[in-house]
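Engineer: Chain order of the listed sequences is F and P. Residue numbering for the first sequence follows our numbering, starting at 1 and increasing by one per position. Residue numbering for the second sequence follows our numbering, starting at 1 and increasing by one per position.
A portion of the hints provided could be inaccurate.
[Said to hold, decoys possible] Listed below are several chain F residues computed to face chain P (Cβ distance under 8 Å; list not exhaustive):
{"hint": "1", "residue": "Gly-106"}
{"hint": "2", "residue": "Ser-123"}
{"hint": "3", "residue": "Glu-237"}
{"hint": "4", "residue": "Lys-258"}
{"hint": "5", "residue": "Ser-265"}
{"hint": "6", "residue": "Ala-272"}
{"hint": "7", "residue": "Arg-395"}
[Said to hold, decoys possible] Chain F stretches covered by chain P per the calculated footprint, using a threshold of three residues with CB under 8 Å from any CB of chain P:
{"hint": "8", "stretch": "71-77"}
{"hint": "9", "stretch": "92-104"}
[Said to hold, decoys possible] The calculated DMTMM-like cross-link candidates involving lysine to aspartate or glutamate, where the alpha carbons are at most 20 Å apart (straight line), are:
{"hint": "10", "chain 1": "P", "residue 1": "Lys-51", "chain 2": "F", "residue 2": "Asp-187"}
{"hint": "11", "chain 1": "F", "residue 1": "Lys-141", "chain 2": "P", "residue 2": "Asp-516"}
{"hint": "12", "chain 1": "P", "residue 1": "Lys-51", "chain 2": "F", "residue 2": "Glu-145"}
{"hint": "13", "chain 1": "F", "residue 1": "Lys-247", "chain 2": "F", "residue 2": "Asp-394"}
Please keep in mind that the hints were generated in silico from the structure rather than gathered at the bench. Think of the CB as a built atom: it goes at the ideal place given N, C-alpha and C, for glycine as much as any other residue.
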Amino acid sequence: MTQELRILAPDSFREKLNRRAFIKAGTATAGMAVVLMACGGSDSASPDTTAAAGGAKEASGDWSRVINKSSGTLAMYTWGDYDDPALVGSFAESSLGVKMKVDYFGSNEDLITKLSAGGGKSSGFDIVVPTGPYIVQMIQKGLIEKFDKALLPNMVNVDPAFLSQSWDKNNEYSVCKNWGTTGFFYDTTKIKKELNTWQDFLDACMGEASGQCSVIDAAPNYAGPYFWANGIDWNTEDKASLDAAEKFLVDELAPHIKAFDSYPSTKLAEGAYTLAMAWNGDARQAYVRIKDAGGTPENWRWVLGAPDTELFMDTFCIAAGSPNIEAAHSWINWILIPENSVTDLSYHGYNTGMKNMEQLISELAPDLVDGDMIFFKPEEVKTMHTQILNTSIDRLVDILNKAKAKAGA
Amino acid sequence: MTAPVATSHRKRLRAPKFALALPSIIWYLLFFAVPIAFIVVYSFAAKDGSKLIPVDYGHLSGANYSNVFDETFFKVFKSTLRISTIATIGCLVIGLPVAYFAAFKVPEKWKAIILALVVVPSFTSFLIRTVAWRIPLAPNGFFSKWLVDMGWIGTQGIQILETPLAVQVAIIYNYLGFMILPLFVALDRIDIRMREASKDLGAGRVATFFGVTLPLAGPGIIAGVLLTFIPMCGDYVTATVLGGAKGNMIGSMIASQFSGAQNWPLGSAMAILMIGAVLLSMIVGAGIVWLITWVLKHPTSISTRIKHLFHERSVSRTREGKARLFNFDVLPIALSAWTVLVLVFLFIPILLVVFHSFNGGSSFTIWSGNAGVKWWDELFDGSVAWAVLARFTALFVIAVVARTVLMRTTKISRRLLNWSGPVAFLLAFVINGMSTNWYETVFDFASIGDAIRNSFIAAFGATILAVVLGGFAGVALARRPGVWTKVFMATVFLILVTPEIMDAIALATWFPRVADFPVIGYPFKHGWGPFNGGMNKLWVGQSLYASAVVTLIVRARLAGLDEALEEAAADLGAPPARAFRQITLPLISSALIAGGLLSFTLCLDNAVISTLISEAGSTTFPVALLGATRSTIKPFWGVGAVILFCVTLGALWFVTVVLRRSGSSSSEIAATLAGS
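Next up, chain F with everything else stripped away, as it sits in the complex:
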């Protein structure tokens, strides 16, 4: 399905938004970016970036902006630091009349374990945010509830390219929250050689950056670079390939790894790593954190994984046995309003998959920095592949655990 994805911003627009421009703009921009990240849409925030959330700015064109008022408490279970605090807090509460509670998990497996522990019915969560491929398993285990599409009229705002995915053809259970990809981030003052591919990444990790490099703490992501660098499909179920992968990842790569860290941006700014595998949104935030820590963002270079890399899509779903299913629909429908969606995008730096994204950004968030880390060229998108949850997952989890044990030994 990756071929269906299309470019969301033309090249001229991408150049305008590149990070070097951001760095030159200096403190003022950076300061604003801090405000933007730190407090999102609260009233005190910069008007340019968050006015949309306040309702002052509205995107032109034909958009569905249905808001269904609701009541009671709404409990969301999501990834850490993955939503603008206002959109899962005060702003949602004032717009929808619900009281929101947010808890965080660290991996899809954590989410599934938590929901399963409640017998699949009594977890108490309303909205959960699994990654696409896991939805099949969650439907099968009865952990998520079917949507009532009549309550989600704003789904028409979503770009069709991000609907009807393989795991949920008719979007009966899920709708795209945002999608992102994987690459790496390195300190050019410490690693002199220019790194461009996953092979470079692995070489540097075992060479110049040995003991100073971090990888994403998720089984498919840890194995990904090996498969991509060697031209193997990362969804392979071939035993020989998996055996070879284990040999490399556990015996050769693991001893060089400093940390298994899915969100390296903060620790990277603390100076912990010189090379870090990262999701694009987190890497984008790293620039601000490095600046905060008194470092020089210019020294850091973000590289999109090559020749192939990941495409992940996280989705909003409703947990089975949701205590407030009506409010869950109201909120999901509300976040699909373009202004809210763009506010969220500005916060976490992942493409939320609205229609006409280019126009939305230019109208609602013209000052968005590091656009090239959010929007990708068509030829780049072509190299991104979604994970398929198949028989290999147990093996990959096993590899990750062995690698962790090996790295610590």
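Given the coordinates of chain F, assemble chain P onto it according to the supplied hints.
Structural biologist: Quick look at chain P alone, frame taken from chain F:
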């Protein structure tokens, strides 16, 4: 509460001796023995990812155990034991001089101050303290930069984070208080005349310390070692936050088997081997101690010669007046300097937490260079906060005025009226916190208010459970000993030595089953009143360890007291219920308060069990913070920790005041707090 007591006394001849402990026995059976038994079963089963409980009982085998003894897993096992052992020894070496100094070298008033300073840091959230170590240790941090500027370290800065060394340092830090307190209590109880006698008989300082003081402090050392070593072995928070890939500990590995890999059988096997390893190392430790004392006590030629040598030397030194290297006494100065250093060490992270809660940046650990009070502003919405403060003060003032008036006009005992201050404080807190929208409006950020409130509700409920269960069990143990005592004490001991992660997984896998039971399962599935199922689970989960602690404290308190008082009351015709209320209860009240306080602070900070069993709507502060540590920790977590710290400190102060009023000295308070 007295009803079951009355029955048990009336039917004294028929009721079994363990009648009073029956609630505890049922509780431990249902929520400790059976869940752990299931873990044992899981450990022989196989993984089946397609089921809700991903375990296949089809082919039971020992395969999981042989997998654990895989080379790499075994290494993590060993490194965990190594880190814990070194940290325990480290705590002992660092803590002993402080405890010694506080017990022997300072006046009563300073004892209290030093102890308070040792205890206070452990009332800040364990997690945020651990996270705070990232601040001074960061290679780009101010401390690192300063060291580089001074030319003391290379330009790469401090390279400690994400190594076992960071885990080692932080683990010593995190458990130091748990070592110092029991050490102090043990040393403080030593009759000073014993030491004087030793010196009068010509023993030097060193000989007195090793010959008299240390053996007498033995129980305290053992308590301290147990209180630190066991939780260290199961600790996974420290390793997760600071250890990176190299500082991996077995606790985090087990946790990841349960949540990440969904391989419960393998995780169960690991957990069982871990508890085995913990027990084994304690047996080895006990063996070594026994061996040393045996060698010292039994006059073999070598030991007598050594003793003789030591004695001769110290006696001759004293005689010749060569004992002092300097004219003035160095020891107290060295000890006080050491104590100050240790206290500074204990307070560094706390100060950093407070400092960084004013961070203007977007990440808690990274100081952005400009202070911002934004987080505080957002937490305390100006107008509302003032209104709350005003209401709070008004209620408090009314209570104080009422007290004064009542004291002048009526003859209600002063002792009773003294309670009005603390009660008014609590009342004002409850009225403002629970029945208005205080938290909802003041803490308008990331559900932090909910988390803090949930922490208190959970800790409070678990404490009540622990005090009731532990109180009865403690009385039964001290007053109705029998064959059952040994079995029960073994269970209590087992609860205390079981690493928390093991309890956590046992309960997390047990609750889904219990929820389907009739009656018992109801509160866990549907909750009751304003408390949802998750809160009920938290109460149960947190009460296990806490009730074991209360049991021991109450038992220790009563064991030191003659039963004659109760017997006298009975002889004078008091019915058992009345005798219990008027004699036994006052006797154990200070133990109950101390046990309750200890339980409360332990529960308030409970992250491991709570994370695995909490549900939506019952997320506590440590659970939420642990969730946040997976990505970026925002400065408002520091604010939350500071608020939690202040309130906990208030509770501590309240209890100290109560204990003071009941006439305890600071040493006694410390003794009750340390649970011995």
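Engineer: Give a verdict on every hint.
Structural biologist: Now for the hints, and whether the structure bears them out:
Of the supplied interface hints, the one on Gly-106/F holds, with its beta-carbon coming within about 4 Å of a beta-carbon of chain P, less than 8 Å. Evaluation of the Ser-123/F hint against chain P yields a held restraint, the C-beta minimum of about 6 Å falling below 8 Å. Because the closest C-beta pair between Glu-237/F and chain P is about 15 Å apart, greater than 8 Å, the hint is violated. For the restraint placing Lys-258/F at the interface with chain P, the shortest Cβ-Cβ distance is roughly 5 Å, inside the 8 Å limit, so the hint holds.
For Ser-265/F, the interface hint holds, since its Cβ comes within 8 Å of a Cβ in chain P; the closest pair sits about 7 Å apart. The beta carbon of Ala-272/F is positioned within 8 Å of a beta carbon in chain P (closest approach about 6 Å), and the interface hint is therefore held. Evaluation of the Arg-395/F hint against chain P yields a violated restraint, the C-beta minimum of about 11 Å exceeding 8 Å. For the stretch 71-77 of chain F, the proposed coverage by chain P is satisfied: 3 residues have a C-beta within less than 8 Å of a C-beta in that chain, meeting the threshold of three.
A count of 6 residues in the stretch 92-104 of chain F with a Cβ less than 8 Å from any Cβ of chain P is obtained; the coverage claim is therefore met, three being the minimum. Annotation: proposed proximity of Lys-51/P to Asp-187/F is violated, straight-line Cα distance about 45 Å (limit 20 Å). The hinted pair formed by Lys-141/F and Asp-516/P meets the criterion: a straight-line CA distance of about 18 Å does not exceed 20 Å. Proposed proximity of Lys-51/P and Glu-145/F is supported: the alpha carbons are some 18 Å apart, at most 20 Å.
Under the criterion of a C-alpha separation no larger than 20 Å, the hint pairing Lys-247/F with Asp-394/F is consistent with the structure, at around 16 Å.
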